[in-house]
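With the hints as constraints, model all of the structure from the sequences given.
2 protein chains.
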Amino acid sequence: MRLKELSERSGVSTATIKYYLRERLLPPGERVSATQAEYGEEHLRRLRLVRALIQVGRVPVATAREVLETAEDESLSQNTRMGAAVWALPHGSEPAEDDPETEEARRQVDALLERLGWTYGQELGDTSPAYGMLVAAIASLARLGYPHETDHLLLHARLAAELAVADLDLVEKYGGSPTERIEAVVALTVLYEPVLLALRRLAETEESGRRFTD
Amino acid sequence: MRLKELSERSGVSTATIKYYLRERLLPPGERVSATQAEYGEEHLRRLRLVRALIQVGRVPVATAREVLETAEDESLSQNTRMGAAVWALPHGSEPAEDDPETEEARRQVDALLERLGWTYGQELGDTSPAYGMLVAAIASLARLGYPHETDHLLLHARLAAELAVADLDLVEKYGGSPTERIEAVVALTVLYEPVLLALRRLAETEESGRRFTD
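Chains as they are written, first to last, in full-length UniProt numbering: chain A, 1 to 214; chain B, 1 to 214.
Treat the hints with care, since some could be wrong.
For chains that are exact copies, the list does not tell them apart, and a pair is met inside one copy or across any two.
[Stated by the list, open to error] Mimicking DMTMM-like on lysine to aspartate or glutamate, the simulated pairs with C-alpha atoms at most 25 Å apart in a straight line are:
no., residue 1, residue 2
1, Lys173, Asp73
2, Lys173, Glu149
3, Lys173, Glu193
4, Lys173, Glu104
5, Lys4, Glu30
6, Lys4, Asp110
7, Lys173, Asp151
8, Lys4, Glu101
9, Lys173, Glu101
10, Lys18, Glu162
11, Lys4, Glu193
12, Lys4, Asp99
These are computed hints drawn from the structure, not numbers from a lab.
As structure tokens, this is what we get:
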């Protein structure tokens, strides 16, 4: 398909598609003349993922490129590609300061991951943004004097694992090439975050309404 | 305690505390001389909540003030105060456009809430930011061509409800006045969001690593 059709089918303007091409978020089309290129289904798929990362995930362009390059690097094993792509997703928290709460939070997170048997992320290095985000979040709870008990954290981890199993089941159900499946995991990870947060806020409101009926 | 002690005990600079006082995020201290005021434990507690909202939740100052005013409005019933405070928390998504995907997502969300029996939020009006965030997130999934099956959404809702029960249990365990408990629910709602997202990302990496072992 030509650029115009790619734009119509994806709902992304031709100007934005050209920008993504320049920024190497999309691979170039196959050139058919001096001014025209032909695009395939893989461009459409990639465009959806780029929009998921940038519009919903608010991932910076440079990071999106890094995530996509990792996801599609066929020199890496499939699990490295998938793990590393999710692992490279940025987070909103400031990098953890080196204060006593951060040190304590790091110990707590390491103990939690060990207890859960979650060793895969550690193989990717302890600089995972998700790991840093977790340490920073727990340090904030401590610094602000709010409870952050191991049982409460374990419950969150157990439910997160249940969601991950369901997401991967969904990806396997839809099938596709290894690259397509890796991209789908990245997309679902990003796109279901607001779903989960919104449902949790609705649930907090609901549960509060049930308990406090004065 | 004087401003200096409030600053030391909270870890918030005196300049920032003065800014919060001017912005009415903190109630004024009890004036003891022309230049000095006395602050109590409730100021310390409130300061922790303000930091949770602004630093971790990235809530704008005006919204934080609205959330806090609702939480402390003793003319409202306790469940209205608690529900409305969580309900007033802002979200990152753009307001839903009025397109076919948004209409369909709204129908899907309404059906989901009815099936869950979550009626409390509806009493607060259908303009809840969390409701809008959920509609926008599901419309994004549809627009980008990713799966958003009812069973998958129900699982997220069920797990969100489990988290809400655990959060409210924690708040009730710690006790305190109605206002303290309402503030704790708001704080836990905001502060555990990055914990949950970080754990989910780690879980996605872990589960991917387990399944794709080529």
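Please work out whether the CA atoms of lysine 173 and glutamate 101 approach to 25 Å or closer within one copy, between two copies, in both situations, or in neither? Only across copies: lysine 173 and glutamate 101 sit 23 Å apart there, 43 Å inside one copy, limit 25 Å.
I want to check one pair: lysine 173 and glutamate 149. Are their C-alpha atoms no more than 25 Å apart within a copy, between two copies, both, or neither? between (36 Å within a copy, 12 Å between copies)
Homomeric proximity label, lysine 4 with aspartate 110: Cα distance no greater than 25 Å: neither (51 Å within a copy, 36 Å between copies)
Evaluate lysine 173 and aspartate 151 at a C-alpha cut-off of 25 Å and name the case that applies: within, between, both or neither. between (33 Å within a copy, 14 Å between copies)
When no copy is specified for lysine 18 and glutamate 162, does a C-alpha distance of 25 Å or less occur within a copy, between copies, both, or neither? Classified as neither: same-chain Cα gap 39 Å, cross-chain 45 Å, threshold 25 Å.
Is it within a copy, between copies, both, or neither that the alpha carbon of lysine 173 lies no farther than 25 Å from that of glutamate 193? within (21 Å within a copy, 29 Å between copies)
Within, between, both or neither: how does the pair lysine 173, aspartate 73 come out at a Cα-Cα threshold of 25 Å? within (23 Å within a copy, 50 Å between copies)
Have a look at lysine 173 and glutamate 104 and pick one of within, between, both or neither, based on CA distance no larger than 25 Å. Between copies only: 24 Å across, 41 Å inside.
State whether the alpha carbon distance between lysine 4 and glutamate 30 is at most 25 Å within one copy, between copies, both, or neither. within (15 Å within a copy, 67 Å between copies)
Treating 25 Å as the Cα threshold, decide for lysine 4 and aspartate 99: within, between, both or neither. between (54 Å within a copy, 21 Å between copies)
From the Cα coordinates, with 25 Å as the cut-off, is the pair lysine 4 and glutamate 193 best called within, between, both, or neither? Neither, since 32 Å and 40 Å both go past 25 Å.
Between the shortest in-copy and the shortest cross-copy C-alpha distance, which are at most 25 Å for lysine 4 and glutamate 101: within, between, both, or neither? Answer is between: at 22 Å across copies they meet the 25 Å cutoff, but 54 Å inside does not.
Going through the hint list in order, the structure does not satisfy hints 6, 10, 11.
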